Each structure stands twice: as C-alpha cells, then as structure tokens.
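Undergrad: Given only the sequences and the hints, what does the whole structure look like? Please build it.
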Amino acid sequence: MINWLKIAFSRRPILLPFVIVIAALAAWSFWLEQTRLVVRFEKLHVEDWAPETPPIKIAILSDLHVGSPYWGLDSLQQLIATVNDQNPDVIFILGDYLISNVVGGNYKTPSEFAPILSKLSAPLGVFSVLGNHDWAGDTENLLIQLEKANITVLENSAVTVNWHGSSINLIGIADDTSRRPNLKAVLSQHHSDNTKIQVLMTHNPGIYVDMADHQKPTVMLAGHTHGGQVNFPFFGRLFVPSRAPISWAHGWTNTKNGPLLVTSGVGTSILPVRFNQPPEIVILSLTSKPD
Numbered sequence: 003m004i005n006w007l008k009i010a011f012s013r014r015p016i017l018l019p020f021v022i023v024i025a026a027l028a029a030w031s032f033w034l035e036q037t038r039l040v041v042r043f044e045k046l047h048v049e050d051w052a053p054e055t056p057p058i059k060i061a062i063l064s065d066l067h068v069g070s071p072y073w074g075l076d077s078l079q080q081l082i083a084t085v086n087d088q089n090p091d092v093i094f095i096l097g098d099y100l101i102s103n104v105v106g107g108n109y110k111t112p113s114e115f116a117p118i119l120s121k122l123s124a125p126l127g128v129f130s131v132l133g134n135h136d137w138a139g140d141t142e143n144l145l146i147q148l149e150k151a152n153i154t155v156l157e158n159s160a161v162t163v164n165w166h167g168s169s170i171n172l173i174g175i176a177d178d179t180s181r182r183p184n185l186k187a188v189l190s191q192h193h194s195d196n197t198k199i200q201v202l203m204t205h206n207p208g209i210y211v212d213m214a215d216h217q218k219p220t221v222m223l224a225g226h227t228h229g230g231q232v233n234f235p236f237f238g239r240l241f242v243p244s245r246a247p248i249s250w251a252h253g254w255t256n257t258k259n260g261p262l263l264v265t266s267g268v269g270t271s272i273l274p275v276r277f278n279q280p281p282e283i284v285i286l287s288l289t290s291k292p293d
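The end of the sequence shown is residue 293 by the numbering used here, with every number in the run present.
Among these hints, one or two may not hold up.
Computed cross-link-like contacts, DSSO-like style, restricted to lysine-lysine with a CA-CA straight-line distance of at most 30 Å [as the list claims (entries may be wrong)]:
hint: 1; residue 1: LYS45; residue 2: LYS218
hint: 2; residue 1: LYS186; residue 2: LYS258
hint: 3; residue 1: LYS45; residue 2: LYS198
For each label pair, taking beta carbons as the anchor points, the in silico distance ranges come out as [said to hold, decoys possible]:
hint: 4; residue 1: THR111; residue 2: PHE237; range: 33 to 41 Å
hint: 5; residue 1: ASN152; residue 2: PHE236; range: 43 to 51 Å
hint: 6; residue 1: ASN256; residue 2: ASN152; range: 14 to 22 Å
hint: 7; residue 1: PHE237; residue 2: PRO56; range: 16 to 24 Å
hint: 8; residue 1: ALA138; residue 2: VAL161; range: 21 to 29 Å
hint: 9; residue 1: HIS193; residue 2: THR37; range: 23 to 31 Å
hint: 10; residue 1: ASN89; residue 2: ARG245; range: 16 to 24 Å
hint: 11; residue 1: THR162; residue 2: THR289; range: 18 to 26 Å
hint: 12; residue 1: PRO292; residue 2: ASP87; range: 24 to 32 Å
hint: 13; residue 1: ASN86; residue 2: GLU149; range: 15 to 23 Å
hint: 14; residue 1: ASP212; residue 2: SER102; range: 20 to 28 Å
hint: 15; residue 1: ASN164; residue 2: SER120; range: 17 to 25 Å
Just so you know, these hints were derived from the structure itself, not from any lab. Owing to the predicted nature of the structure, the values given are computational and were not obtained by experimental measurement. By construction, the Cβ of each residue, glycine as well, lies at the ideal position given by its N, Cα and C atoms.
TA: Laid out in structure tokens, this is it:
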C-alpha cells in the first residue's frame with residue numbers, strides 16, 4: 003500500500019495538468035457551451051432581388067428541444083426575447099420542439115411551451131416545419147398549440163408573403179426521416195412563375211440530396227444536425243444524423259441547386275453535450291446584389 007501511494011504521489015505533478023484539462027473540457031462541453039447562446043448574422047445577395055426593394059431580415063430557429071438540459075421554460079423565454087430584440091421581418095422555426103430520451107432532460111408539453119412561443123413577433127409572421135422528434139411525440143397537441151400561438155406549420159405546403167411589392171414563396175418540406183415527401187412533386191405543385199424568390203425550409207437537410215438539377219430555389223434552410231453537437235479542432239465532426247454529406251452539417255454550402263444554410267439549433271439530443279458548436283439564433287438578410 004505504501005509503495006502504491008508513493009507511486010501515485012510521485013506521478014501527481016505529471017497527471018495534474020491532464021486532470022485539469024479534462025475537467026475544464028467537461029465543464030465547457032456539458033455546461034458552458036450549452037448556455038452560450040450566439041446570434042449569428044448572415045447575408046445572401048439574391049440575383050432576382052430588385053435593388054429598390056429593402057432587405058428582408060429572417061430569424062431562424064431550430065431544434066429547440068424544450069426541456070433538454072439548460073433549455074427549459076425560463077431559457078426559452080430568454081431566447082424569445084433575444085429573437086424579438088433583433089426586430090426580424092419574418093421568423094422560421096425548423097422543427098424539433100420536443101425531446102425524447104435526452105440524458106438529464108425534463109419533458110415539457112406543447113401546452114407548457116407554446117404560450118411562450120406565442121410572444122414571437124414579426125410583421126410577416128412565424129412559420130415552421132416539424133422535425134422527427136415532433137412526429138414521434140405528442141404531434142396532435144403540438145399542432146393545436148402551435149396554431150394557438152399563431153405559428154403556421156408548412157407540411158409539404160407553401161405560402162406567399164408580400165415584401166414591399168415583391169412576392170416571396172415560402173415552402174415547407176416534410177421531414178426526411180419521419181415523413182419522406184416527394185420533393186419533386188412538392189416543388190412542382192408550389193412553383194409559381196410570378197414568384198422569383200423561393201425559400202425552402204425543412205428539418206433535415208438530407209432531403210435536399212434528392213433535388214433535381216433544374217430545381218434551384220433562392221435559398222434552402224435546415225436544422226436537425228446540431229452541427230454534430232461536437233466539433234473537434236482539426237478532426238471536425240465525427241457524426242451527423244443525416245444522409246446529407248457531413249460537410250452540410252453547419253453553415254453555408256454552395257450545392258448544385260443553390261445556397262444551403264444549416265443551423266446548429268438550440269437544444270441537445272441524446273447526450274447533453276456541445277463542444278465548439280454553441281446554440282444559435284441565425285439572422286439572415288436577403289438583399290440585392292451590390293452594384
């Protein structure tokens with residue numbers, strides 16, 4: 003026993019820095035990073051955007067996973083206040099309101115969190131698609147509560163909004179894994195020759211793999227990936243739960259069909275961990291190309 007104590011004591015100066023580093027990384031991943039809400043500003047110059055038309059500011063949220071660790075009702079209220087402080091013209095929520103089997107989570111019903119979401123404010127409205135966790139949970143009540151909260155759910159459907167005389171077509175594509183829509187049929191059905199600006203939104207970016215070459219919307223939006231939740235320096239993301247390429251996991255991608263923007267979302271799924279991939283609100287401005 004004495005010999006083992008001497009060995010442990012003699013090695014302690016060497017081991018101590020490693021213990022400190024591991025403890026710091028754990029604290030960052032399981033606590034600090036998950037509470038470090040980031041507002042990320044993006045801009046897209048659009049070919050068909052009339053120079054005289056002012057930019058439109060879009061607030062994008064995804065993967066709220068209300069009830070996941072650090073993202074309960076109080077945090078949701080702060081999130082909504084932060085979004086409203088940005089004065090967006092329109093708000094998109096890209097699915098996965100609900101949680102299921104996340105470690106340390108505390109399930110919140112749609113009836114609990116929808117009244118908080120109803121405080122979102124944008125002159126053109128709030129639009130949403132549903133995610134795989136939403137279809138696996140209390141979907142019926144979720145749809146009812148979102149309607150009460152004045153959030154329009156687009157499930158293989160579209161709406162056209164008017165922005166200073168320009169028409170913008172908003173198309174919501176059903177989730178890739180839980181619904182599997184016919185992307186070609188949806189886009190054909192909701193295509194309008196009179197609407198040049200076309201914004202696609204869905205939960206899982208995997209569905210965009212199926213797009214035909216001639217289908218070129220103005221911009222494509224998605225969530226679901228959480229950015230892998232863990233994004234190691236040098237090694238990158240080890241796993242992304244989508245059939246989309248891992249390079250599509252977060253941020254901008256110039257696909258053959260046009261620009262794709264994927265957000266890492268807010269809450270967590272399965273394990274309550276984030277590293278180098280903080281929760282985020284994306285503020286996207288669509289504007290004309292510079293002269």
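Undergrad: Run every hint past the structure and note whether it holds.
TA: Quick rundown of the hints versus the structure:
1. With a C-alpha separation of about 18 Å, the suggested pair LYS45 and LYS218 falls inside the 30 Å cut-off, and the hint holds.
2. Pair hint LYS186 plus LYS258 holds up; C-alpha atoms about 16 Å apart against a cutoff of 30 Å.
3. Restraint check for LYS45 and LYS198: the C-alpha separation of about 18 Å stays at or below 30 Å, so the hint holds.
4. Between THR111 and PHE237 the beta carbons are some 39 Å apart, a value that agrees with the proposed interval 33 to 41 Å.
5. Checked against the given bound of 43 to 51 Å, the beta carbons of ASN152 and PHE236, roughly 45 Å apart, stay inside it.
6. Checking the proposed 14 to 22 Å range against ASN256 and ASN152 shows it is violated: the Cβ atoms sit about 35 Å from each other.
7. Range check, PHE237 to PRO56: Cβ separation about 42 Å, and the 16 to 24 Å hint is violated.
8. Our hint of 21 to 29 Å for ALA138 and VAL161 holds, since their Cβ atoms are close to 26 Å apart.
9. Between HIS193 and THR37, the C-beta spacing of about 42 Å breaks the proposed range 23 to 31 Å.
10. About 36 Å separates the C-beta atoms of ASN89 and ARG245, a value inconsistent with the hinted range of 16 to 24 Å.
11. For THR162 and THR289, the Cβ-Cβ distance of about 20 Å falls inside the hinted range of 18 to 26 Å, so the restraint holds.
12. About 27 Å separates the C-beta atoms of PRO292 and ASP87, a value consistent with the hinted range of 24 to 32 Å.
13. Checked against the hint of 15 to 23 Å, the C-beta distance between ASN86 and GLU149 comes to roughly 20 Å, which is consistent with it.
14. Checking the proposed 20 to 28 Å range against ASP212 and SER102 shows it holds: the Cβ atoms sit about 26 Å from each other.
15. Taking the beta carbon of each, ASN164 and SER120 are about 24 Å apart, inside 17 to 25 Å as hinted.
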